[in-house]
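Participant: Here is what each chain is made of, one letter per residue.
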Amino acid sequence: MTRFTSPRVAGYAWVAAVGLVAGLATARVELVALGAPFALAALAGAVLARDPRIEAQLSLDRPRALEGEDVRAAVTLTSPEGSEWVELVLPLPEQLHALERNPRAVGLAAGEPREVELPLHCERWGAFAIGPLFLRGRDALGFHSWETQAGEAQPLRVYPSVETLHALLPPLETQVFVGNQVSRTRGDGIEFADVRQWAPGDRIRRVNWRASARRNELWVNEQHPERNTDVVLFVDTFAEVRTGVRGTHDLAVRAATSLAHRYLQRKDRVGLISFGGHLSWLLPHSGTVQLYKIVDSLLQSDVVLTFAARGVEILPPRTLPPKALVLALTPLLDRRSAKTLLDLRARGYDLVVIEVSPVEFVTPAPDPLSQLAYRVWKLSREALRVRYEQAGVPVVEWREGLPLNVPLEEVAAFRRYARPARA
Amino acid sequence: MGAYAIARSGALGGVVAVIAALGALMLVVVLWRDWIELLAWALLTGAGAYASTLFLDHHHVDGAAPLVATALLVCGELAAWSLDARWHVAAEAAVLRRRALALGALVLAGLTASAIVVALAGVNAGGGLALTTLGAAAAVAAVGISVALLRRA
Numbered sequence: 000m001t002r003f004t005s006p007r008v009a010g011y012a013w014v015a016a017v018g019l020v021a022g023l024a025t026a027r028v029e030l031v032a033l034g035a036p037f038a039l040a041a042l043a044g045a046v047l048a049r050d051p052r053i054e055a056q057l058s059l060d061r062p063r064a065l066e067g068e069d070v071r072a073a074v075t076l077t078s079p080e081g082s083e084w085v086e087l088v089l090p091l092p093e094q095l096h097a098l099e100r101n102p103r104a105v106g107l108a109a110g111e112p113r114e115v116e117l118p119l120h121c122e123r124w125g126a127f128a129i130g131p132l133f134l135r136g137r138d139a140l141g142f143h144s145w146e147t148q149a150g151e152a153q154p155l156r157v158y159p160s161v162e163t164l165h166a167l168l169p170p171l172e173t174q175v176f177v178g179n180q181v182s183r184t185r186g187d188g189i190e191f192a193d194v195r196q197w198a199p200g201d202r203i204r205r206v207n208w209r210a211s212a213r214r215n216e217l218w219v220n221e222q223h224p225e226r227n228t229d230v231v232l233f234v235d236t237f238a239e240v241r242t243g244v245r246g247t248h249d250l251a252v253r254a255a256t257s258l259a260h261r262y263l264q265r266k267d268r269v270g271l272i273s274f275g276g277h278l279s280w281l282l283p284h285s286g287t288v289q290l291y292k293i294v295d296s297l298l299q300s301d302v303v304l305t306f307a308a309r310g311v312e313i314l315p316p317r318t319l320p321p322k323a324l325v326l327a328l329t330p331l332l333d334r335r336s337a338k339t340l341l342d343l344r345a346r347g348y349d350l351v352v353i354e355v356s357p358v359e360f361v362t363p364a365p366d367p368l369s370q371l372a373y374r375v376w377k378l379s380r381e382a383l384r385v386r387y388e389q390a391g392v393p394v395v396e397w398r399e400g401l402p403l404n405v406p407l408e409e410v411a412a413f414r415r416y417a418r419p420a421r422a
Numbered sequence: 000m001g002a003y004a005i006a007r008s009g010a011l012g013g014v015v016a017v018i019a020a021l022g023a024l025m026l027v028v029v030l031w032r033d034w035i036e037l038l039a040w041a042l043l044t045g046a047g048a049y050a051s052t053l054f055l056d057h058h059h060v061d062g063a064a065p066l067v068a069t070a071l072l073v074c075g076e077l078a079a080w081s082l083d084a085r086w087h088v089a090a091e092a093a094v095l096r097r098r099a100l101a102l103g104a105l106v107l108a109g110l111t112a113s114a115i116v117v118a119l120a121g122v123n124a125g126g127g128l129a130l131t132t133l134g135a136a137a138a139v140a141a142v143g144i145s146v147a148l149l150r151r152a
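Chain order of the listed sequences is B and E.
So in numbering that gives the first Met the number 0, the last spot in the first sequence is 422, and the numbers never skip.
So in numbering that gives the first Met the number 0, the last spot in the second sequence is 152, and the numbers never skip.
Just so you know, the hints here were simulated from the structure itself, not pulled from any lab data.
Hints may be right or wrong, so weigh each one.
Claimed, not checked - Far from chain E, by Cβ distances over 12 Å, these chain B residues were calculated:
1. Gly34
2. Gly44
3. Asp60
4. Leu65
5. Glu68
6. Val115
7. Asp138
8. Val194
9. Asp201
10. Arg205
11. Pro316
What the hints assert, rightly or not - Some but not every residue of chain B turned toward chain E, in silico, with C-beta under 10 Å:
12. Val31
13. Pro102
14. Leu140
15. Arg183
16. Gly186
17. Gly188
18. Phe191
Every residue, glycine too, gets a C-beta built ideally from N, C-alpha and C.
Start from the sequences and build out the full structure, keeping to the hints where you can.
Facilitator: Put into structure tokens, the structure is as follows:
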């Protein structure tokens with residue numbers, strides 16, 4: 000531990016020395032008496048100097064939590080010498096805050112471990128390293144202090160809260176595996192599709208007797224099979240607009256988490272592409288493990304400035320399976336992401352763009368030029384939306400405070416009146 | 000303490016008041032700007048205000064000197080505690096109690112030491128040269144310890 004001595008120790012010694020010398024020089028015992036308590040204090044300071052050699056261990060009761068939950072951090076202090084005054088502080092990121100006093104001062108008996116609990120409230124999502132602690136041990140009068148860092152950093156992942164989605168976007172085409180999505184194709188299933196003439200190999204149980212009686216020949220029922228969907232969440236991390244901890248990237252991560260959770264619940268396969276300064280991807284898979292992988296990847300995603308040209312060609316082919324539904328969460332701020340999405344549409348992918356609106360995070364200056372620039376910026380965004388719509392891509396604006404169900408419903412409404420154009 | 004010095008000062012009241020006020024001002028600066036290094040100077044100035052009144056009466060030993068010394072020590076320690084409190088570290092009641100007790104013990108011990116010094120001054124002990132030499136050696140040792148502590152700080 001690094002030792003620090005209060006300047007007043009030396010100051011007291013000086014006062015004592017001046018009193019003693021002055022008393023001798025002037026033959027006044029009162030001056031010596033003035034210096035005597037300070038000499039005693041300086042001596043006490045020297046005697047009390049004892050390195051407490053404090054050791055600390057930091058632990059969390061769990062490594063994962065949801066937004067809004069509390070996590071308990073426990074600090075175990077030990078010291079062979081003991082210390083009357085031990086100050087400890089646990090530095091925390093702004094997304095977490097302590098529910099009890101931090102920093103705080105406690106007493107520590109020699110050789111006896113002392114546990115200090117510090118409940119933490121997880122206000123917002125993120126991946127954090129909690130620790131190490133900063134410790135300062137003092138003697139009883141505060142003449143000397145010893146400081147150190149102790150305890151290893153403990154990882155803590157706070158997951159974003161999941162929004163309840165009443166309905167999901169169905170894909171234009173399903174995959175070949177069994178799932179919960181009613182497919183447009185014909186085959187074995189529950190939902191009635193059509194009737195057709197009997198062909199060798201058809202089972203008797205599929206015969207539609209009423210239609211057969213009407214036509215005097217065998218007709219069988221056809222159903223829509225239940226198939227699964229491949230969904231790829233495309234998160235644009237080229238740029239963001241934020242105010243404090245709230246911003247477009249924060250909204251995109253929340254939406255991606257909710258969508259991944261809901262689609263995986265439906266036994267669909269979900270993949271993730273974080274497209275921006277730092278490119279990362281997850282191949283589509285199903286199951287709870289995939290959900291944790293996606294959320295962990297989203298927690299570590301961040302907007303990183305880059306001037307590199309990026310396009311679809313740098314994505315590994317298996318990240319975008321054929322006939323996959325691509326849900327793009329983008330603030331439409333960067334031309335590279337806009338170009339990439341149009342490229343995906345041109346390649347025949349079923350693309351939906353959910354525009355995470357940056358407008359409410361922008362406050363233009365009151366001067367006329369700034370107001371004009373703001374209006375031009377909004378017009379350029381509107382022009383980009385029209386380009387997407389002309390390409391047959393539904394673009395819906397999603398603002399903070401609006402349930403995610405609203406833009407999903409808007410996409411469904413768009414699709415009722417639009418048909419995909421195939422080459 | 001300053002008021003006591005002014006009350007004793009008689010004709011030199013104005014001068015003593017100025018010195019005492021200077022000491023008080025320095026203490027205010029210590030507390031206002033968190034300049035703990037200035038604390039010793041503030042205490043020395045306050046002690047100087049009292050010391051200047053001693054030369055008005057050469058014949059009697061002022062029995063209140065231990066109280067003045069203790070008051071200066073308490074002033075210094077409370078100023079230091081006040082500066083420590085600015086770190087906004089919430090301390091347990093037991094920890095505060097221990098510090099208060101330690102301060103009380105130090106003040107009591109200081110008062111006792113100072114009173115013993117004043118009491119011994121009334122004892123007519125022989126060996127004046129030896130005692131003077133011993134006192135000078137103590138003064139040199141005190142200065143040496145101060146320098147050593149300054150270097151360590």
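Participant: Each hint: holds or not?
Facilitator: To see whether the hints hold, each was checked on the structure:
The claim that Gly34/B is not at the interface with chain E is violated, since a C-beta of that chain comes within 12 Å of its own (minimum 8 Å). Chain E draws Gly44/B into its interface by the beta-carbon criterion, the shortest separation being 8 Å against a cut-off of 12 Å. Chain E leaves Asp60/B outside its interface by the beta-carbon criterion, the shortest separation being 22 Å against a cut-off of 12 Å. No Cβ of chain E approaches the Cβ of Leu65/B within 12 Å, the least distance being about 29 Å, so the stated non-interface status holds.
For Glu68/B, the condition that its CB be more than 12 Å from all CB atoms of chain E holds, with the nearest at approximately 24 Å. With a closest Cβ-Cβ approach of about 10 Å to chain E, Val115/B is found to fall inside the 12 Å limit, against its non-interface label. Non-interface status of Asp138/B relative to chain E is broken: a Cβ of that chain comes within 12 Å, the nearest being about 8 Å off. Every CB of chain E is more than 12 Å from the CB of Val194/B (nearest about 78 Å), matching its label as outside the interface.
For Asp201/B, the requirement that its beta carbon stay farther than 12 Å from each beta carbon of chain E is met, with the minimum near 80 Å. Once the 12 Å rule is applied to beta carbons, Arg205/B is consistent with being away from chain E; the minimum gap is 76 Å. The claim that Pro316/B lies off the interface holds: its Cβ sits roughly 57 Å from the closest Cβ of chain E, which is beyond the 12 Å cut-off. Against a cut-off of 10 Å between C-beta atoms, the interface hint on Val31/B holds, since the closest Cβ of chain E lies about 5 Å away.
Look at Pro102/B: its Cβ gets to within about 5 Å of chain E, closer than 10 Å, so that hint holds up. With a least beta-carbon distance of about 5 Å to chain E, the hint placing Leu140/B at the interface is held under the 10 Å criterion. A hinted interface residue such as Arg183/B counts as satisfied when its beta carbon comes closer than 10 Å to some beta carbon of chain E; here the least separation is about 65 Å, so the hint is violated. The closest approach between the C-beta of Gly186/B and any C-beta of chain E is roughly 69 Å, which is over the 10 Å cut-off, so the hint fails.
For Gly188/B, the shortest C-beta to C-beta distance to chain E is roughly 66 Å, which exceeds 10 Å, and the interface hint is violated. A hinted interface residue such as Phe191/B counts as satisfied when its beta carbon comes closer than 10 Å to some beta carbon of chain E; here the least separation is about 70 Å, so the hint is violated.
Going through the hint list in order, the structure does not satisfy hints 1, 2, 6, 7, 15, 16, 17, 18.
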